[in-house]
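Fit chain to chain and form the complex, with the hints in mind.
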Amino acid sequence: MNRNRDYGRWIDRRPTGSFTARSLHMDWPLLLGLLVLSAVGLVILYSSGGQDMALIWRQCIRLGIAFGLMFLIAQIPPHHIERWAPWIFAAGILMLIGVLAIGTVGKGAQRWLDLGFFRFQPSEIMKLAVPMMIAWYLAENTLPPSRRAMLITALIIAVPVGLIVKQPDLGTSLLIAMSGIFALLLAGISGRLVGGLSLLAAAFAPLVWFFGMHGYQRQRVLTFLNPESDPLGAGYHIIQSKIAIGSGGLYGKGWLNGTQSQLEFLPERSTDFIFAVFAEEFGFFGILVLLAIYLYIIARGLYIAAQAQDTFTRLLAGSLTLTFFVYLVVNIGMVSGMLPVVGLPLPLVSYGGTSMVTLMAAFGMLMSIQTHRKLNTSG
Amino acid sequence: MYSRIAIKDQIREGQLFSSRAIIALIFIILTLLAIISRMVYLQILSHEHYTTLSQNNRVSIQPIAPTRGLILDRNGVVLAQNLPTYTLEIIAERVNNMDQTITELRQIVDISDDQIKRFHKQLKHKRRFQPVPLRVRLSEEEVARLAVNRHRFPGIEIAARLVRDYPQTSLAVHSVGYVSRINEKELGQIDPSNYAATSHIGKLGIEKAYEQQLHGRVGFQKVETNVLGRTLRVLERTPPIPGQDITLTLDAELQRTAKQALKGNTGAVVAIDPNNGEILVMASTGDYDPNLFVNGIDHQSYNKLRTSLAKPLFNRALQGQYPPGSTIKPFIGLAGLEDGTITTETSLFCRGWHTIKGDDHKYRDWKKRGHGHTDLKKSIVESCDVFYYDLAQTMGIDRIHDFLAPFGFGRKTGIDISGEANGILPSTKWKRRVRGKPWYLGETLIAGIGQGYTLTTPLQLAKATAVLANRGHSVQPHLLKRATRPDSAPLEYPIDHSTIINMIKEDNWDATIKAMEDVIYGRHGTARRLNHGQPYRIAGKTGTAQVFGIKQDEEYVEEDVGKHLRDHALFIAFAPVDKPLIAIAVIVENGGHGGSVAAPIAGAVIDQYLGGQP
Chain A
1 MNRNRDYGRW
11 IDRRPTGSFT
21 ARSLHMDWPL
31 LLGLLVLSAV
41 GLVILYSSGG
51 QDMALIWRQC
61 IRLGIAFGLM
71 FLIAQIPPHH
81 IERWAPWIFA
91 AGILMLIGVL
101 AIGTVGKGAQ
111 RWLDLGFFRF
121 QPSEIMKLAV
131 PMMIAWYLAE
141 NTLPPSRRAM
151 LITALIIAVP
161 VGLIVKQPDL
171 GTSLLIAMSG
181 IFALLLAGIS
191 GRLVGGLSLL
201 AAAFAPLVWF
211 FGMHGYQRQR
221 VLTFLNPESD
231 PLGAGYHIIQ
241 SKIAIGSGGL
251 YGKGWLNGTQ
261 SQLEFLPERS
271 TDFIFAVFAE
281 EFGFFGILVL
291 LAIYLYIIAR
301 GLYIAAQAQD
311 TFTRLLAGSL
321 TLTFFVYLVV
331 NIGMVSGMLP
341 VVGLPLPLVS
351 YGGTSMVTLM
361 AAFGMLMSIQ
371 THRKLNTSG
Chain B
1 MYSRIAIKDQ
11 IREGQLFSSR
21 AIIALIFIIL
31 TLLAIISRMV
41 YLQILSHEHY
51 TTLSQNNRVS
61 IQPIAPTRGL
71 ILDRNGVVLA
81 QNLPTYTLEI
91 IAERVNNMDQ
101 TITELRQIVD
111 ISDDQIKRFH
121 KQLKHKRRFQ
131 PVPLRVRLSE
141 EEVARLAVNR
151 HRFPGIEIAA
161 RLVRDYPQTS
171 LAVHSVGYVS
181 RINEKELGQI
191 DPSNYAATSH
201 IGKLGIEKAY
211 EQQLHGRVGF
221 QKVETNVLGR
231 TLRVLERTPP
241 IPGQDITLTL
251 DAELQRTAKQ
261 ALKGNTGAVV
271 AIDPNNGEIL
281 VMASTGDYDP
291 NLFVNGIDHQ
301 SYNKLRTSLA
311 KPLFNRALQG
321 QYPPGSTIKP
331 FIGLAGLEDG
341 TITTETSLFC
351 RGWHTIKGDD
361 HKYRDWKKRG
371 HGHTDLKKSI
381 VESCDVFYYD
391 LAQTMGIDRI
401 HDFLAPFGFG
411 RKTGIDISGE
421 ANGILPSTKW
431 KRRVRGKPWY
441 LGETLIAGIG
451 QGYTLTTPLQ
461 LAKATAVLAN
471 RGHSVQPHLL
481 KRATRPDSAP
491 LEYPIDHSTI
501 INMIKEDNWD
511 ATIKAMEDVI
521 YGRHGTARRL
531 NHGQPYRIAG
541 KTGTAQVFGI
551 KQDEEYVEED
561 VGKHLRDHAL
571 FIAFAPVDKP
581 LIAIAVIVEN
591 GGHGGSVAAP
601 IAGAVIDQYL
611 GGQP
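Quick mapping for you: the protein sequence lines, in order, are chains A and B. Residues 1 to 379 in our numbering are what the first sequence spells out, letter by letter. Residues 1 to 614 in our numbering are what the second sequence spells out, letter by letter.
What the hints contain is simulated information worked out from the structure, not anything from laboratory work. Where is the CB? At the ideal position from N, CA and C, for every residue including glycine. Careful, some of the hints might be misleading.
[Said to hold, decoys possible] In silico negatives: residues of chain A with every beta carbon more than 10 angstroms from chain B: (1) R62; (2) W84; (3) A149; (4) L151; (5) I152; (6) G195; (7) Q219.
[Claimed, not checked] Simulated restraints, written as ranges between beta carbons of each label pair: (8) B/Q189 with A/G215: 44 to 52 angstroms; (9) B/R233 with A/L72: 41 to 49 angstroms; (10) B/R233 with A/W255: 43 to 51 angstroms.
Bound-form chain B, shown alone (with noise of 0.2 angstroms):
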């Protein structure tokens, strides 16, 4: 019985299971079909779409940072290099036990605690195959002990990378300058992709100015890179076009010399050569080294260069901006020979000071007893005031502002390096543009020897030296020799040799330069410590600036002011006179005489460049 409806069952049951199944079936196959047309939606339809996102996804762009041209004086001497140095890294993913690793390293090199700190703050924000720098700048020692160790650890790597290097240190800073980390200001101002791979960038002097041909040009590589962004295969690449080497026109020994002919004053010393413009040497007191700003200088440090009295960080060459003193005598005398107030044979006699008709107001002479009987040539030989005094209150000071103009004065001298100050060429215009009043004579009388208003840089007054000493063609001043280029010949700093001033007399060059002459090696010179029989001629003029003013019935007395009230002491030069190679111009601050203290300097350094030439 129960088989007998089994059977019965199994037939009924079968056909109903048969076209359910043949539903199943259907219902399958409509399955199918909808999943073929979800690939045909993703594969076909979709596909140039997600072919591009696939694109997206694996390649990526590597920048490749190119190597920073190197920086060289006029003789080859390398002023700025790029080292290796060698640094401690870790992939995180390699190391078992971090604190562990950590510990036993610091037993093989010294790692301070805040390198750990900061190491650790780094792993934070990189990837764990990505090395992480513990140490920096190695020893060599360091390096050696690491190499003998590296089986104990497994991933730590001793990556070498370029750094800036500055042999000369303090040498040629305030020229050179130096490269330090990109800040937020410059990113807005550089090419991003440019400067994609690259950490550093130049903030001062050279390194700065001439940034681009420094730079190079960032290289690229395509690479293919995984979900974690590791590289897996370079697919294409351009390499970077490295930075010019960039030889400069200073001379490392001679800026030495000057260097170390300033020391224990400060002071500046610029010295041109006249024929190009090209500035040998341009130095100012104030140590530091450009090396600790390369990565990065600590608050400390920094904090102390900044503070310091001495200014270390300020570079007078180019910022500072002095009274030029009695260093502008032979520039107004000249416009006094040329503007026809005077002649070579023009005199006066001088009683040791000046006064103008209606005030009782007295213009003293450096010399108190005068210098009696004065003539031009006199008057720049032993620097007589009121020999000036009296040209320029018979010029006018605006006559004296058109004259001096092209020699530089009151404006910058466009070196290519930045940070220039203007000076000031004072005239009534100036002053009633600048200070809105209206110019007095007893201001054009003080013109007349270099001080009231009268400002020049160091770098300016060079510069003047040295179109007096080419009788008035013109000079640029600057720091570039040349660049080395990659494919073409390499770059030269154009030299104008144009005419500015076009002297009516040529005479009156000569009276003028043979006056300066006389300076050194004139009886009365105030400059005659420099003759000791050199080959060559010297054509100079002494200073002394007053930065302190004494009143009407008082006196001067050196020892009763404090040292930094004292009179700077300047000193402009050129040699050798009948074919000038250097023009010079010394300011020591609150040196005193001109003669005593500055003048050596400036001889220092013109033997020096002159002993070695034929």
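In isolation and in its complexed conformation, chain A is listed as follows (with noise of 0.2 angstroms):
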């Protein structure tokens, strides 16, 4: 796995002698992006967590240890990330098959791990690792990928995803599929060969049904085609959803009126369903600024992603930004019952940490790569 390769030479790009702009290794888009959609999710919160002033200092904190980390990150230049790259991975692999060996418990699903001093999850950790690994694999490869390219990242796709499904964490296993599905469609990988994928997928999504779900997975499904079926068991959350989104109607119920959330009819309401409480109380046209936000935080990620000058980098910067895309619709997708219930967080604006850390790591290597410049070797 590790033959000799160059990772290259990266230097700041901000300007000599003057502190402006760049000069922190942030880009200013970007960052003027994820501080609004964060304020945003701030005054949601409060929202919803019922006027609660403790729950927003410690939803702070969370945000303060996020953007830190996003922060220390920007500054690594992206040649160490590239070279870290296989050694996550492999701690990744190493710790997630600790979390099947000796994980803690938690809601019928081992997702945990104990360390001691702190739990966390590592299957968050693959969330990068596995962008990171396929982009540092492919780097070396000429693209579009040969076959047998393709083959090793489906291995380093299928290995982690397998792990997870295990836990059994299915809303995070599709996240990270996806995410690896994405770096190699943007790697090049031929129309048709996804066409062919798509439907061998489709081919074996009865065996993965019968085989391959818990019982509670095979529900979510059921519910989420049928939410009335059990309104007041799994469909109860779905239903309670669409209430609240569409009682918002054109312009919404009004910040802290939304009687589906400040009533307590909406579950989960603070952290996977808060995009409900905001299309309960801020209604479409609230909706449209908060994708807009989204887009436009997106849209950027794309724009940093095509600006970078290597393949590494571009495709890290392309798979981090569509997995935080997929994040996005996956979330609103299963509240406003598009989709099943699988349990992502709608990225940034959720209360809790473990996810924001995550994603603001990833928009810190989004940074280091936008804010360094590659020394061309070759002059």
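Encoded structure:
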């Protein structure tokens, strides 16, 4: 795996001698988008959490940590990231195996690794490690990838996804698989092949249904297809969430006035279902604004990817951005009843630290890519 | 070499990547458009639908029980009220260790194992934030002890709730009745929304008859609730309309006197104000405490009441049907006068028995040797049977029936509480209809002395006496005097003063009533013991009704027959004679002679009532 390869050299892209836009290795347009989104998140969290300032402070601390991590990662030149990619990936795989072996059982699924002083989910690391590993692997090959390269890439995706499915955490494994597939797509895999693989996946779906899924996962899919079949059980979330969104209307019920959320009809309203609170209180126009903020961040991420100077950074930036997008789509899709409930937070808005830290670490890499310039060895 | 290829790759791959990135952006925008169209569907097209669902979700309507009206006697003595009782309740979600809490609470107040079992049962059906009663009817002392220790028990609450209470206990239970928990059958009959917050309903007596007035109108509050049903905010409140207070015609003190006088016997006393039909006394022996029924009587106590030989649950005044015996005589005498069969001068010789031609059956007089020459007056004063055998024989049962019917015999009086018995006023038609048999002359004879088929309730007898005292003016016996209404003048019971019996000769009333006066004031009057120099005059008639048929050649010896087969003692009376204020009927089951047993009871009631009158 570790052949002699040139990771290149990167230098600051910031203008020398002045403290300006890039002096902190920050991509200011991206930072602006993230800050606005976080602020919107805090505003809606204040409402969904029942005006609990303590909750807001805790989220602020998490945001602080996440932005701090982003800042630190932004300082790391991309070639270091590239060099570490396989090691981080290998460590992640080991930890996933560790979770399966000794992981504490939480909510019926083994996801957490308890290291004594703190607990974390190795699957979160894989959200970054898989795109990094694929970008690392594909970067040393010529693109579009050869058949062999694709097979190895598929293996890089399949091993962690398989381990996470086993935990079982359908949402995260889906997300990681998607980010890997996006990396492949961006690397230039042929459209025909994508179509073929999709068909293959569709053919395997029944097998997954019967052999690969836990009862509660099957139930989720069934409930998604017909939430009213179980209005007080599994379908309850979706029914209440749709009521919240639908009753918001064009202009919403106003901040702090969402009855579905304020009166606690909406479950998980500060975490996975916070989008429904937003939709109820700010209405359709509010959603347009929120989606615009997301689109702005995603577009900026793709712009950074397109501007990146080598294959690794391009693929990494592109697949991380697309992972962020998948987060958004899966969350809104499940809250609005378009997708089954898989338990993914609304990126950077939902209450909770784990996914936020991961996402901000990813944005840190994007900023690093944008603010470091590769020394062109060939001149 | 390596780097050269790399540069070449970089350019080509860069272009490839850029085209893929643009495809990705297009894909992203299309996906966002799909999300937006989903939002259009939910928030704009289905907005109304979801708004309705959201409204239904949060606003719930809670009923507020109205306070039940009081029941008072005619002088304002409280017969039924609502007392706050204290209940120890526990809110499960605030208790850390339920078993420990209960164990410690048991050291402070008495809690039986049954109560704990019931508590745990209820706990399962309630939300965790709803209070569940652990102990009901705490004493003042227990409340105080709990209050002192309250800080030790988070999640316990002492709730005050209004519970129906009958301070006079058994005094007027047969008239006032009681409330108890609404049962399945009643649920089907009541307006469910009006009773949404009510747990108890009138089961008997006034409580049942005037349930609608006493209950009031339920109030509502619209509250915003959360998903668990916890009330967060009251949006709107319609206060309940409290039930009307009901004043009864009963006189609690007089009722107490009647009950006291009845003590040791089984029987009933009914006293009516003849001027307006107000029932002053309606006493039936058999005491039970209506408070037992309010929160559900236990099986053991109920069975004891049900199977008791004294039949305490049986309201004799309304449901008891007794042969009127000689108390019927003034009415039949009047019938004879009105009919023209006799005059006040008509006299016959009483030998102690009467026979019908062609039949050797002897219809005996209670006085073995007979009364000798007897006219109407003497027949009433000394209660001669032979005079009435003869009169009845001459008149025939149907004419007697037609005359007695307007007095209310054999028909419900229409009193405002339910459960009244019909009584029987026999006629040939009646016998053919009910018994399917022809009428025999002998039956006419014994009907003449209030025996045989004739049956009356004490209430009917009192009513008939009141009509007699009124000289034919109608009387509608009733218990309701007035009901206070929240927004208008109190509702008074309507009084009907119409004349129901028009005598051809007004003197006939005088003759009969004069004779009844002599029952008390005459030298041979059967109730002469009542004469103790009252400032007012009483008119009455004793009666002794046979329960046990004796054979022709046998003699009735009181001591020889079992207590339950002895004659019923009856007495009817009204006073003062010139301006009647009270009409009364007394029946003492198996009491023996009307004059010695029943009359003193009536006397005690009349004396107390008129003693207080100006």
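Q: Of all the hints given earlier, name the ones this structure violates by number, lowest first.
A: Violated: hint 10 alone.
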